[in-house]
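The listed protein sequences derive, respectively, from chains A and B. Position 9 of the first sequence, counted from 1, bears residue number 9 in the numbering used here, the numbering being contiguous throughout. Here the numbering used here = 1-based position in the second sequence + 1000.
Worth double-checking, as some hints may not be accurate.
Short derived list, chain A residues pointing at chain B, Cβ under 7 Å [unchecked claim]: (1) Gln155; (2) Leu157; (3) Ala158; (4) Glu159; (5) Met245; (6) Thr264.
No farther apart than 27 Å at their CA atoms in a straight line, the calculated lysine-lysine pairs in the DSSO-like style are these [unchecked claim]: (7) A:Lys129 with B:Lys1274; (8) A:Lys56 with B:Lys1406; (9) A:Lys129 with B:Lys1394; (10) A:Lys163 with B:Lys1034; (11) B:Lys1309 with B:Lys1057; (12) B:Lys1406 with A:Lys61; (13) B:Lys1170 with A:Lys148; (14) A:Lys47 with B:Lys1406; (15) B:Lys1235 with A:Lys129; (16) B:Lys1129 with A:Lys47; (17) B:Lys1257 with A:Lys148; (18) A:Lys235 with B:Lys1071; (19) B:Lys1234 with A:Lys148; (20) B:Lys1101 with A:Lys47; (21) B:Lys1309 with A:Lys47; (22) B:Lys1098 with A:Lys47; (23) B:Lys1034 with A:Lys129.
Bear in mind the hints are in silico, worked out from the structure with no lab data behind them. Just so it is clear, CB atoms sit at the ideal spot from N, CA and C, and this is done for glycine as well.
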Amino acid sequence: MKSKKYDGVTIFLFLLPALLLFVGILVAPMASSAINSFYQYKGFGQKTWLGWDNYKRLFNKDFPAYIPFKDSVVHALLLAGFSVFIQLPLALGLALLLGRGIKGERFFLSVNFLPVLISTVVIGQLWLKIFDPRGLLNSLLRLVGYLKEGDDNIQWLAEGQGKLLYSCFIPMLWQYVGYHMLLMYAGVKSVPTELREAAKIDGATDWQVDRFVVIPSMKQIVKVSVIFAITGSLKSYDLIRIIAMNLSTKDASVPSTILMDYMTLRGEYGVASAVAVLLILLCFFFAILISTIFKERD
Amino acid sequence: MKKFLAMLLAIVAVLGLSACTKDDGLTMWCIATKSDSNRHSYEEAIKEMEKKYPDTKLNWEAIENETYKQKIKAAVAGDNMPDIFFTWSCAFLGDFVKEDKVYCLDDAYKGFADKLPEKMCKNTTYNGKKYGVPLTMNIVGLFANMDILKEVGYDKVPGSYTELIECCDKLVAAGKIPFGCAGKETWCVTEYLESIIEKSIGAKALDDIFCNGATWDNPDVAKAVTIFQDMIDKKYFDPDGVSLGNDAVKQNFIDGKYAFYMNGTWNCADFSQKGPKNCQVAEFPVIDDSKAKLGQLIGGPSDTLAVAKSAKDAENTAKYTFELGQLICKYGYLDGCGLPAWTVDYDASSVNELTRSVADIVAKSDYMVLFGDTAMPSDEAGKYLEQVALVYTKQVDGAGFIAALKAAIR
Chain A
1 MKSKKYDGVT
11 IFLFLLPALL
21 LFVGILVAPM
31 ASSAINSFYQ
41 YKGFGQKTWL
51 GWDNYKRLFN
61 KDFPAYIPFK
71 DSVVHALLLA
81 GFSVFIQLPL
91 ALGLALLLGR
101 GIKGERFFLS
111 VNFLPVLIST
121 VVIGQLWLKI
131 FDPRGLLNSL
141 LRLVGYLKEG
151 DDNIQWLAEG
161 QGKLLYSCFI
171 PMLWQYVGYH
181 MLLMYAGVKS
191 VPTELREAAK
201 IDGATDWQVD
211 RFVVIPSMKQ
221 IVKVSVIFAI
231 TGSLKSYDLI
241 RIIAMNLSTK
251 DASVPSTILM
261 DYMTLRGEYG
271 VASAVAVLLI
281 LLCFFFAILI
291 STIFKERD
Chain B
1001 MKKFLAMLLA
1011 IVAVLGLSAC
1021 TKDDGLTMWC
1031 IATKSDSNRH
1041 SYEEAIKEME
1051 KKYPDTKLNW
1061 EAIENETYKQ
1071 KIKAAVAGDN
1081 MPDIFFTWSC
1091 AFLGDFVKED
1101 KVYCLDDAYK
1111 GFADKLPEKM
1121 CKNTTYNGKK
1131 YGVPLTMNIV
1141 GLFANMDILK
1151 EVGYDKVPGS
1161 YTELIECCDK
1171 LVAAGKIPFG
1181 CAGKETWCVT
1191 EYLESIIEKS
1201 IGAKALDDIF
1211 CNGATWDNPD
1221 VAKAVTIFQD
1231 MIDKKYFDPD
1241 GVSLGNDAVK
1251 QNFIDGKYAF
1261 YMNGTWNCAD
1271 FSQKGPKNCQ
1281 VAEFPVIDDS
1291 KAKLGQLIGG
1301 PSDTLAVAKS
1311 AKDAENTAKY
1321 TFELGQLICK
1331 YGYLDGCGLP
1341 AWTVDYDASS
1351 VNELTRSVAD
1361 IVAKSDYMVL
1371 FGDTAMPSDE
1381 AGKYLEQVAL
1391 VYTKQVDGAG
1401 FIAALKAAIR
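Here chain A stands alone, though its shape is the one from the complex:
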């Protein structure tokens, strides 16, 4: 009995550093955000209790200086949709192709993974050059005759013209194809060779081997990728900040830009905290939802 108690203390002591880190770095700031979200708070000075007003403010159009939080969630979900239905299939396709052991496998793997290694700031700057009014894309459109002499440049980066959101999405989707590809490639490679060979002996084509042997075996990896893609889309900020160049962007707003807008431009930490809390809840909700969907399929 004494020994068990002693073991318990030892286990607790061993867990303590990780627990302290977890509480200090994750739980405490989240709790602090949750508390601040019920106050009117400038980041310093007095806090005034507001109850649910900061949350109501995010959804109530009649509130003065309403920023459409709902639109930002729609944008983030749209990005998640693109990510799941365009980025992941592309990554899966590349992973399956490379997993077949084609010539130059390592080289193509590195090339596709390269954008993940490049700093987001650099990627943002590169795409800004592409989308610039006098940049590569418009020059190309002039070259192929889509834009005629005297036509105004297409404003890919301007607010209010319906293109900015997609100008932000394209680099984001492009940058992380390699990341998901690498995850899935590991999954493809973990499928035992015997299974592939057995299917081949039974007369399966490469596509049939992928469809009926490889893909079902890597379900867990696909699940992880889907969770990363959706939560990553909800949390997206850096590339949008660089490409939209403006925190107050309406066309390309996502929850994080609204959070930063409230915090840095308006000095309203209470509302910013409410956005942070909703963002955390949304990420948890989707992570659980995806796990449940995959479980049901099992």
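Please build the complex by placing chain B on the supplied structure of chain A, with the hints as guidance.
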């Protein structure tokens, strides 16, 4: 071995603690990062102060503008402020003063009153007490590329609004772009819009809206917004401007792609050095002379140094800050980064021509309205900038602009 390691760790920990508590001079935070045009003036001023006060070490740190706003607010919240800190005047410093975090400079000012005119401290005076040391001051100027204007028959900057419009029409007809404005940085749009509003409704009316609680629900403001949007419709503005940041637009002006560029007079140094070759600066012309007149400007002293209430030996730190501020102002003026808020008692013959023109404009002025986003508290400024951005991309018209600001602010 274990004992030795334990001793070593203990010594390191004790040394670390002692380093934290060691008093090693004054601390200062500012925004004069290496790419900032004011960097040189800070460096020179600090060098001179170190020579004069060799026993006082100034540990200074420069932080990028937006990050700085967060950092200083966090420091105020955590009672962890540097002894001296850079701040913007009016509402930004006012928030800290309200929280009783800033040292009152009234006593220290007495020793510098002959060099620093009282009116320059107006924007950092709260309840009759002074809290800031002004550095340089700037206004919004209408910069003109005279070589381009010459091509359409002008040898001076159009002095009246009608003349300016005629000039713009001629420029458009000649295939030239009159104005460049960076839509990606809303403060650049305010430089145009605020000047147009001021010269339509008068400086006092605009000042009342920005600082004295007057309502935004003013039909003359709506009319001014319409004037600005008409100028956009008439292709007076580079259509690519909506997708560009200020650096790109400024470079286009330097490269001779625009005839005019409205922006802060801190650009004088750059335009003098980099071009356009034949550049002049003027005041935006009067639009409605029954309400506005020449000599009413947008700008004024805003860049400021302040002393934290928690500063070591606050009274002496305050005196040190006045001296430092005076030197930063001096070198900033000599570099062409703005006009001096302090009396000029040194040889300023090396100051560039453009800055001297700005000094003439300011000397003739009788009313300055501080930049809207500086004058207003941050929550109001955020709402204001959001609507200004919508005006430039024509997502809101004059009536919508005043209605939105009336609902959001007043």
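Now for the hints, and whether the structure bears them out:
1. Gln155: Check passed: Cβ of Gln155 of chain A comes within 5 Å of chain B, closer than 7 Å.
2. Leu157: With a closest approach of 4 Å, the Leu157 of chain A hint holds.
3. Ala158: With a minimum Cβ separation of about 4 Å from chain B (threshold 7 Å), the hint on Ala158 of chain A holds.
4. Glu159: 5 Å, holds
5. Met245: With a closest approach of 4 Å, the Met245 of chain A hint holds.
6. Thr264: 6 Å, holds
7. A:Lys129 with B:Lys1274: 23 Å, holds
8. A:Lys56 with B:Lys1406: Holds - the C-alpha atoms of Lys1406 of chain B and Lys56 of chain A are around 21 Å apart, at most 27 Å.
9. A:Lys129 with B:Lys1394: Satisfied, since the Cα-Cα distance of roughly 25 Å is no more than 27 Å.
10. A:Lys163 with B:Lys1034: 35 Å, violated
11. B:Lys1309 with B:Lys1057: Since the Cα atoms of Lys1309 of chain B and Lys1057 of chain B sit roughly 19 Å apart, the hinted pair holds (cutoff 27 Å).
12. B:Lys1406 with A:Lys61: 15 Å, holds
13. B:Lys1170 with A:Lys148: Holds - the C-alpha atoms of Lys148 of chain A and Lys1170 of chain B are around 25 Å apart, at most 27 Å.
14. A:Lys47 with B:Lys1406: Roughly 26 Å separates the two Cα atoms, so the pair holds.
15. B:Lys1235 with A:Lys129: 24 Å, holds
16. B:Lys1129 with A:Lys47: 26 Å, holds
17. B:Lys1257 with A:Lys148: 21 Å, holds
18. A:Lys235 with B:Lys1071: 23 Å, holds
19. B:Lys1234 with A:Lys148: 21 Å, holds
20. B:Lys1101 with A:Lys47: 16 Å, holds
21. B:Lys1309 with A:Lys47: Roughly 21 Å separates the two Cα atoms, so the pair holds.
22. B:Lys1098 with A:Lys47: 14 Å, holds
23. B:Lys1034 with A:Lys129: Roughly 25 Å between the alpha carbons, so the hint for Lys1034 of chain B and Lys129 of chain A holds.
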